[in-house]
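K.L.:
Protein sequence lines, in the order shown, are assigned to chains A and B. Position 1 of the first sequence, counting from 1, maps to -18 under this note's numbering, and the rest follow consecutively. Position 169 of the second sequence, counting from 1, maps to 150 under this note's numbering, and the rest follow consecutively.
Certain hints may be false.
Any copy will do: because identical chains look the same in the list, a pair fits if it lies in one copy or spans two.
[Said to hold, decoys possible] The calculated DSSO-like cross-link candidates involving lysine-lysine, where the alpha carbons are at most 27 Å apart (straight line), are:
1. LYS5 x LYS153
2. LYS5 x LYS139
3. LYS174 x LYS132
4. LYS174 x LYS55
5. LYS171 x LYS132
6. LYS55 x LYS76
7. LYS76 x LYS5
8. LYS5 x LYS183
9. LYS174 x LYS139
10. LYS76 x LYS162
11. LYS174 x LYS5
12. LYS139 x LYS76
13. LYS5 x LYS162
14. LYS55 x LYS162
15. LYS153 x LYS132
The hints are simulated quantities; they were obtained by calculation from the structure and are not laboratory data. In this text, all values refer to a predicted model and were calculated from it rather than measured experimentally.
Number of protein chains: 2
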Amino acid sequence: MQEKELQDLQPIDRLNIRSRNEAKLRQHARVIWMCGLSGAGKSTIALELEHQLFGLGYIAQVLDGDLLRSGLNKDLGFSAEDRTENLRRVAELSKLIISAGIISINAFISPTSRIRSQARSIIGHQDFIEVYVNAPINVCEQRDQKGLYEKARMGVIKDFTGIGSPFEPPVKPGIEIRTDKLDVQESVDKLLKYLLPHIEFKH
Amino acid sequence: MQEKELQDLQPIDRLNIRSRNEAKLRQHARVIWMCGLSGAGKSTIALELEHQLFGLGYIAQVLDGDLLRSGLNKDLGFSAEDRTENLRRVAELSKLIISAGIISINAFISPTSRIRSQARSIIGHQDFIEVYVNAPINVCEQRDQKGLYEKARMGVIKDFTGIGSPFEPPVKPGIEIRTDKLDVQESVDKLLKYLLPHIEFKH
């Protein structure tokens, strides 16, 4: 094994991989970070967005709470500390995904400003796009697809965001999607229009 | 938001994303898991392999100890328990990467059969390709690019694989690369020849 090769390969390639892959895939990788209450429609929009992006020739990865908590983060609970660690790992994971030139679509309640700041800081301001998927809590509670609000009201789930623990709406998100006013297609159309200038390959 | 869409989208898309992306990228995603002593050349080979694969039109992501331990897994140390958790997360992460149709090239000491079995079991037998990057410990120790063997010999690093804690060679790896006998290019050529039938897009 040649020492020169060993020394030279690592720093050069690490730096070049992302932009080289972006050029091949004809896209700029970004983390599209969707926050909002349970039932606001984050995962649904994330999956439909990925579907539409694929149709336009883009490669993205969808991450959401259910997926992560059944795998990578299954050692974590829902205490404030574990939620912070959950989203720290998600942010680090997303950073890896964009380092390969892939778009990361993240659907996580991410209830506090602090938790979203942490994510933005890990990922880097330039690569972090904050999307507020917003529906009033009574609408989310009516949907209650997973029966979580009912459990939270009965006290079976403690610290459930919006019931036992607060959701701090983003002060200045990149874009807000009101899913009580728009259906899935309208939501994704609006989001896509906003996102495309960020991911379209320019050079 | 239409209930039907909400119900229908998730299971269908999750299952289809990988094969759909594989068809677009013209590759089959696999986890190429390289184990071996520190200094055996795992990361060097991983990066050069990625480089060669890219030249052939494939998209892969390189993961190694330094990268993961400075980010996703920076909360972990080097106790047996933390090493197991480190590689559990790496395996879960790789599983996510291949679920997007991307090849994952993993360079980790992964010292025990048990730790490698855990990874194989998380990732799935079919998608896990074990590569033993092998050089005798005296060769690795002579290279000692990071000065780790010296620190281990002086007792500054405890439980260093090969010195204070054991390395269990894989009994039946997919392929073994002897980096004391082959240089970087020869190693990667040999590995590539073995790997291509696993990742070439067939249908």
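K.L.:
Give the relationship of LYS55 and LYS76 under a CA distance limit of 27 Å: within one copy only, between copies only, both, or neither.
P.N.:
Both ways: LYS55 and LYS76 sit 20 Å apart in one copy and 14 Å across, limit 27 Å.
K.L.:
Regarding LYS55 and LYS162, is the shortest C-alpha distance of 27 Å or less found within a copy, between copies, in both, or in neither?
P.N.:
neither (34 Å within a copy, 42 Å between copies)
K.L.:
At most 27 Å between alpha carbons: which applies to LYS174 and LYS5, within, between, both or neither?
P.N.:
both (23 Å within a copy, 24 Å between copies)
K.L.:
When no copy is specified for LYS174 and LYS132, does a C-alpha distance of 27 Å or less occur within a copy, between copies, both, or neither?
P.N.:
neither (37 Å within a copy, 55 Å between copies)
K.L.:
Can you give me the call for LYS171 and LYS132, within, between, both or neither, at a CA distance of at most 27 Å?
P.N.:
Neither: 33 Å inside a copy, 57 Å across copies.
K.L.:
My question is about LYS76 and LYS5: at a cut-off of 27 Å on alpha-carbon distance, are they close within one copy, between copies, both, or neither?
P.N.:
both (19 Å within a copy, 23 Å between copies)
K.L.:
Can you give me the call for LYS76 and LYS162, within, between, both or neither, at a CA distance of at most 27 Å?
P.N.:
Classified as neither; 32 Å inside a copy, 36 Å across copies.
K.L.:
Evaluate LYS5 and LYS153 at a C-alpha cut-off of 27 Å and name the case that applies: within, between, both or neither.
P.N.:
neither (33 Å within a copy, 36 Å between copies)
K.L.:
Should LYS5 paired with LYS162 be assigned to within, between, both, or neither, using CA atoms and 27 Å as the limit?
P.N.:
So LYS5 and LYS162 fail the 27 Å test inside a copy (38 Å) and across (35 Å) alike.
K.L.:
Which holds for LYS5 with LYS139 at a C-alpha limit of 27 Å: within a copy, between copies, both or neither?
P.N.:
Result: close neither inside a copy nor across copies, 47 Å intra and 44 Å inter.
K.L.:
My question is about LYS174 and LYS55: at a cut-off of 27 Å on alpha-carbon distance, are they close within one copy, between copies, both, or neither?
P.N.:
neither (35 Å within a copy, 37 Å between copies)
K.L.:
How would you label the pair LYS139, LYS76 (within, between, both, or neither) given a Cα cut-off of 27 Å?
P.N.:
Intra 31 Å, inter 31 Å, cutoff 27 Å: neither.
Hint check: violations occur at hints 1, 2, 3, 4, 5, 9, 10, 12, 13, 14, 15; the rest are consistent with the structure.
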